[in-house]
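> Sequence:
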Amino acid sequence: MKNSILDLVENSTFVRLKKFENINLDFKLEQYSITGSIKDKNALYFILKAKEEGLLAEGGTIIESSSGNFGIALTVIGRQLGHPVKIVIDKKTSRSMKKILETYGADVLEIGEEHCDEAGSMQKARMAYAQKIQEKIPGSWYACQHLNPMTSEVHYRLTASEIEKEYKGAPDVIVVGVSTAGQLAGISRYFRENYPKTKIWGVDVKGSRIFTKDRHPYKMTGLGLSFTPPAFNWDLVDRAFCVDDELSFSFCYYLAKKEGLLLGASSGTVIAATLKALKTEKNIKNVCMISADSGFRYLDTFYDEQWLKENDLQIFNEDQCFHKIDTVVEHKRS
1 MKNSILDLVE
11 NSTFVRLKKF
21 ENINLDFKLE
31 QYSITGSIKD
41 KNALYFILKA
51 KEEGLLAEGG
61 TIIESSSGNF
71 GIALTVIGRQ
81 LGHPVKIVID
91 KKTSRSMKKI
101 LETYGADVLE
111 IGEEHCDEAG
121 SMQKARMAYA
131 QKIQEKIPGS
141 WYACQHLNPM
151 TSEVHYRLTA
161 SEIEKEYKGA
171 PDVIVVGVST
181 AGQLAGISRY
191 FRENYPKTKI
201 WGVDVKGSRI
211 FTKDRHPYKM
221 TGLGLSFTPP
231 AFNWDLVDRA
241 FCVDDELSFS
251 FCYYLAKKEG
261 LLLGASSGTV
271 IAATLKALKT
281 EKNIKNVCMI
291 SADSGFRYLD
301 TFYDEQWLKE
311 NDLQIFNEDQ
321 CFHKIDTVVE
331 HKRS
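Taken in order, the sequence shown gives residues 1 to 334; the numbers are from the UniProt record's numbering.
Worth flagging that the hints you see were computed from the coordinates, not collected in a lab. There may be inaccurate statements among the hints.
[Said to hold, decoys possible] Result set (BS3-like, lysine-lysine): computed pairs, CA atoms no more than 30 Å apart in a straight line:
id, residue 1, residue 2
1, K168, K51
2, K99, K124
3, K332, K199
4, K99, K2
5, K51, K124
6, K285, K18
7, K324, K19
8, K99, K136
9, K282, K332
10, K51, K19
11, K213, K324
12, K19, K279
13, K91, K213
14, K199, K282
15, K168, K285
16, K257, K98
17, K2, K165
[Stated by the list, open to error] Quick list of simulated restraints, FRET-style, between CB atoms:
id, residue 1, residue 2, range
18, K99, E53, 32 to 40 Å
19, K99, K2, 21 to 29 Å
20, K2, G82, 17 to 25 Å
21, K168, E110, 40 to 48 Å
Note that beta-carbon positions come from the ideal geometry of N, C-alpha and C, so glycine has one too.
Take the sequences, apply the hints, and build the full model.
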């Protein structure tokens, strides 16, 4: 029996995919944490540190710019610790994500389309708006996951050790989706220090700014940024890949139908990139892929036929998915 939902934040649930022979492809399923995503760890760690360091007053307001998961985690954990929470969202935030935030008690603030940049992103505008709110509320704290140096520390301390415990050491490869780069930086640093033979592959959505300057609009949430986050540097990765929306979403359908796993969009990105990389790798036995969240939060977006039609997106069948692996783009340090 747990005394608090805060005791349910960490988890070590791994599952091995059954289709693939001669290699162990494993997902680390972060959806079994209390609010359903890997962001629970960040939220709890950030809030406790902010209180400890006097950045967040007792009962002070927590403010964040988020497209969903981190905002939900901050809301649930913050309110359990006695803090009101304000979350800044934009038009890419799904109806279900917004409803979840409101149901948990967040004050949800949505910025308009006039704040879009040339590639259709409103991330910088959301962040600027969150900062303005924080400046007007005494005792409040803006978590700012994209720029917060604590974002890698939590995964160095928690996520990396969960992987180490599961594999009784280290897998041959760890595949991580990149957004704030906190997961990537923390996991990579830990395994670079303790298991230097383990390879780290970073994965992003096509159109994101992190690996390349070639930006364009994309529908993915949970991956991608309109800027390169300070936590990212090329020394963290051995290989880096970008996958487009359609292939990412299609592999999520594949995982649901073939493996019984209803996962968030970034998991489709991760497995597509993994399969592309394995075409040119030898002597790989164990691969750990990070699945950041569940697919249940996306039933009104890429798992919805009408949404796909409205956004002119196609879902590929199994054969098409594996045929289109070659469309995954590998990026190298420029």
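> Indicate, hint by hint, whether the structure satisfies it.
Evaluated hints:
no.: 1; hint: K168 <-> K51; verdict: 34 Å, violated
no.: 2; hint: K99 <-> K124; verdict: 23 Å, holds
no.: 3; hint: K332 <-> K199; verdict: 15 Å, holds
no.: 4; hint: K99 <-> K2; verdict: 27 Å, holds
no.: 5; hint: K51 <-> K124; verdict: 26 Å, holds
no.: 6; hint: K285 <-> K18; verdict: 14 Å, holds
no.: 7; hint: K324 <-> K19; verdict: 18 Å, holds
no.: 8; hint: K99 <-> K136; verdict: 26 Å, holds
no.: 9; hint: K282 <-> K332; verdict: 20 Å, holds
no.: 10; hint: K51 <-> K19; verdict: 47 Å, violated
no.: 11; hint: K213 <-> K324; verdict: 23 Å, holds
no.: 12; hint: K19 <-> K279; verdict: 16 Å, holds
no.: 13; hint: K91 <-> K213; verdict: 24 Å, holds
no.: 14; hint: K199 <-> K282; verdict: 12 Å, holds
no.: 15; hint: K168 <-> K285; verdict: 15 Å, holds
no.: 16; hint: K257 <-> K98; verdict: 27 Å, holds
no.: 17; hint: K2 <-> K165; verdict: 22 Å, holds
no.: 18; hint: K99 <-> E53: 32 to 40 Å; verdict: 33 Å, holds
no.: 19; hint: K99 <-> K2: 21 to 29 Å; verdict: 26 Å, holds
no.: 20; hint: K2 <-> G82: 17 to 25 Å; verdict: 19 Å, holds
no.: 21; hint: K168 <-> E110: 40 to 48 Å; verdict: 46 Å, holds
Going down the numbered hints, you'll see the structure goes against 1, 10, while the others check out.
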